[in-house]
Amino acid sequence: MLDLLRLLSFGPDGWGDEIARGALLTVELALTTLPFGFALGLAVALAKDSQSRALRAAADTFTTVFRGLPELLTLFIVYYGGQMLFSRVAGYFVEGATIEVNQFLAGVAALGLVLAAFSSEVFLAALRAVPGGQKEAAAALGLSRFNAFRLVVFPQLWRVALPGLSNNWMVLMKDTSLVSVIAINDLMRQTAIAVGVTKQPFFFYLVACLIYLLFSIASSLVLTKAEQRANRGLKRAGGKA
Amino acid sequence: MIMSLLAQAGDGFLWLMSAIGLNADLMDRYGLRFLGGIWVTLQLVFLSVGIGAVLSLPLAIARIEGGKVARSVSFGYSYFFRGTPLLAQTFLIYYGAGQFRQPLTDIGLWWFFRDAFNCAVFTFTLNTAAYQCEILRGGIQSLPVGQTEGGKAMGLTRYQIYRTILLPQAYAVGLRPLGNELILMIKSSAIASVVTVYDLMGVTRLAFSRSYDMEVYLWAAALYLLMVEIVRRVWNVLERRLNRHQLLSR
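For the protein sequence lines, the chains are Y and R, in the order given.
Residues 1 to 241 (my numbering) are what the first sequence spells out, left to right.
Residues 1001 to 1250 (my numbering) are what the second sequence spells out, left to right.
Because the hints were derived from the structure by calculation, they are not lab data.
All values derive from a computational prediction rather than experimental measurement.
Treat the hints with care, since some could be wrong.
[As the list claims (entries may be wrong)] When the alpha-carbon atoms are kept at most 20 Å apart in a straight line, the in silico SDA-like pairs for lysine to any residue are as follows: (1) Y:K235 - Y:L162; (2) Y:K174 - Y:L105; (3) Y:K174 - R:Y1079; (4) Y:K199 - R:A1116; (5) Y:K235 - Y:A129; (6) Y:K174 - R:L1126; (7) Y:K174 - R:R1082; (8) Y:K199 - Y:G16; (9) Y:K174 - Y:Q103; (10) Y:K174 - R:L1182; (11) Y:K199 - R:F1100; (12) Y:K174 - R:G1076; (13) Y:K174 - R:Y1077; (14) Y:K174 - Y:R21; (15) Y:K174 - R:F1080; (16) Y:K199 - R:F1113; (17) Y:K174 - Y:L162; (18) Y:K174 - Y:C209; (19) Y:K174 - R:I1183; (20) Y:K174 - R:L1184; (21) Y:K199 - Y:N185; (22) Y:K174 - R:E1134; (23) Y:K199 - R:A1097; (24) Y:K199 - R:Y1095; (25) Y:K174 - Y:L206; (26) Y:K199 - R:Q1102; (27) R:K1152 - R:R1163; (28) Y:K174 - Y:V27; (29) Y:K199 - R:L1104; (30) Y:K199 - Y:D3; (31) Y:K135 - Y:P155; (32) Y:K199 - R:R1101; (33) R:K1152 - R:S1142; (34) Y:K225 - Y:G164; (35) Y:K199 - R:R1114; (36) Y:K199 - R:T1105; (37) Y:K199 - R:G1096.
Generate the whole structure from the sequences, applying the supplied hints.
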């Protein structure tokens, strides 16, 4: 048992520092993806709610595709497809040029598309939960459409969307493990490297699982606080008046 | 006779595919492998979701009716499997089993864990059982307490109350989330390809590594979308049929 724990030490004989670096990269990847995914998700939700039929159809297709595809497949398509696409474009300018797509960016792009597809449904439901009178009142006050969205609709939408978005975040964090397949040195891959050297798969993968679990627990603590804060203006039936 | 008909149908299909601009040569070479891949994916999904459904019932009931120990075991189980990535769980079991080869041989289970497909089914089963347990628990706990009380007043035993009153309603409540779980498993089953299972994703990766033609990924995308869409449609029909008593009130 002590031998196993020694394998986790920081320093030249232990894998603690490598695994910690991998864990850090996993968090970085998830946090980088988050703003892109949510921004795109919100845009897609607005497109689904728009008057234009073409926009609605495009947004619906987007969600159907990226919610239906396995995340692993999306990742491969973005990574290899991006590589080929960029190389072809570069080939027009420089004969025989090839471009390596950065794996981290490919990971962010693929996970961002999936996150956008799932979060757009959450945003859409939240958008519809804000009564139409709110928008009308904002218009009556003379707010521009953008300001009405920013000051009136969005803060209310946020409150309703938060539980669903928390869920999306949890799923995203677990999905980041897939990027190890395209050779990003995230937690999963660093663990695999440690396993390759030490021949202790059960122990190291268990440690990796526990680190992911720790991330989940930490996130849910933060998100519960955020939900309480988003709901601070709301009174509910029952309980203390 | 049948063989020649099949061959002609295949030729016709390939001609159609090249007519819409796809690579018929490539499809001729890998088409049948793709069908095999779909079959493996379907086996993975239906075995694990089916066995997972059987496991989820005692887990959910332990969570509601059990004592302190049973409750916390069930809670810890589903927390672990829902809080960690399926890829990590698959590695834990597939590579972890290799480490315990001797003890597994001693108890006569090594033949099972030696095969990547079995390990994938085993992991997916444990994983989906955790999710299904939560769906079922949510369904049971969403029912008003009067349902249990009514059953007791009629002199039903606890088993009868579950079998005839609570579970049918809980499954009706959980029908949609269970469908979503089935779809999630179809998608997640692609992870099996990472541990050398030739499911649809595995076949696709093989074909890509040999041909280096992006088109195979698009075939896979179309096939996955098709499977998901079929489940979605079937589930809509199922829901309309099984929950038809609620349709009037909507």
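So, going through the hints one by one against the coordinates:
1. Y:K235 - Y:L162: Holds, at about 17 Å.
2. Y:K174 - Y:L105: holds, 18 Å
3. Y:K174 - R:Y1079: holds, 13 Å
4. Y:K199 - R:A1116: Given that 20 Å is the threshold and the Cα spacing comes to 18 Å, the pair holds.
5. Y:K235 - Y:A129: holds, 17 Å
6. Y:K174 - R:L1126: The hint holds at about 17 Å.
7. Y:K174 - R:R1082: Measuring from Cα to Cα gives roughly 9 Å; hence the hint holds.
8. Y:K199 - Y:G16: holds, 16 Å
9. Y:K174 - Y:Q103: holds, 18 Å
10. Y:K174 - R:L1182: holds, 18 Å
11. Y:K199 - R:F1100: Within the cut-off at roughly 11 Å; holds.
12. Y:K174 - R:G1076: Holds. K174 (chain Y) to G1076 (chain R) sits at ~18 Å (cutoff 20 Å).
13. Y:K174 - R:Y1077: holds, 17 Å
14. Y:K174 - Y:R21: holds, 17 Å
15. Y:K174 - R:F1080: OK: K174 (chain Y) and F1080 (chain R) at ~12 Å, within 20 Å.
16. Y:K199 - R:F1113: With Cα atoms ~17 Å apart, K199 (chain Y) and F1113 (chain R) stay inside 20 Å; holds.
17. Y:K174 - Y:L162: Satisfied, since the Cα-Cα distance of roughly 19 Å is no more than 20 Å.
18. Y:K174 - Y:C209: holds, 10 Å
19. Y:K174 - R:I1183: holds, 17 Å
20. Y:K174 - R:L1184: holds, 14 Å
21. Y:K199 - Y:N185: holds, 19 Å
22. Y:K174 - R:E1134: With Cα atoms ~18 Å apart, K174 (chain Y) and E1134 (chain R) stay inside 20 Å; holds.
23. Y:K199 - R:A1097: Holds, at about 12 Å.
24. Y:K199 - R:Y1095: holds, 9 Å
25. Y:K174 - Y:L206: Since the Cα atoms of K174 (chain Y) and L206 (chain Y) sit roughly 15 Å apart, the hinted pair holds (cutoff 20 Å).
26. Y:K199 - R:Q1102: holds, 15 Å
27. R:K1152 - R:R1163: holds, 13 Å
28. Y:K174 - Y:V27: Holds, at about 11 Å.
29. Y:K199 - R:L1104: holds, 17 Å
30. Y:K199 - Y:D3: holds, 13 Å
31. Y:K135 - Y:P155: OK: K135 (chain Y) and P155 (chain Y) at ~12 Å, within 20 Å.
32. Y:K199 - R:R1101: Between K199 (chain Y) and R1101 (chain R) the Cα gap is close to 13 Å, so the pair holds against 20 Å.
33. R:K1152 - R:S1142: holds, 18 Å
34. Y:K225 - Y:G164: OK: K225 (chain Y) and G164 (chain Y) at ~15 Å, within 20 Å.
35. Y:K199 - R:R1114: Answer holds: K199 (chain Y) to R1114 (chain R) is near 17 Å, not above 20 Å.
36. Y:K199 - R:T1105: holds, 19 Å
37. Y:K199 - R:G1096: With Cα atoms ~10 Å apart, K199 (chain Y) and G1096 (chain R) stay inside 20 Å; holds.
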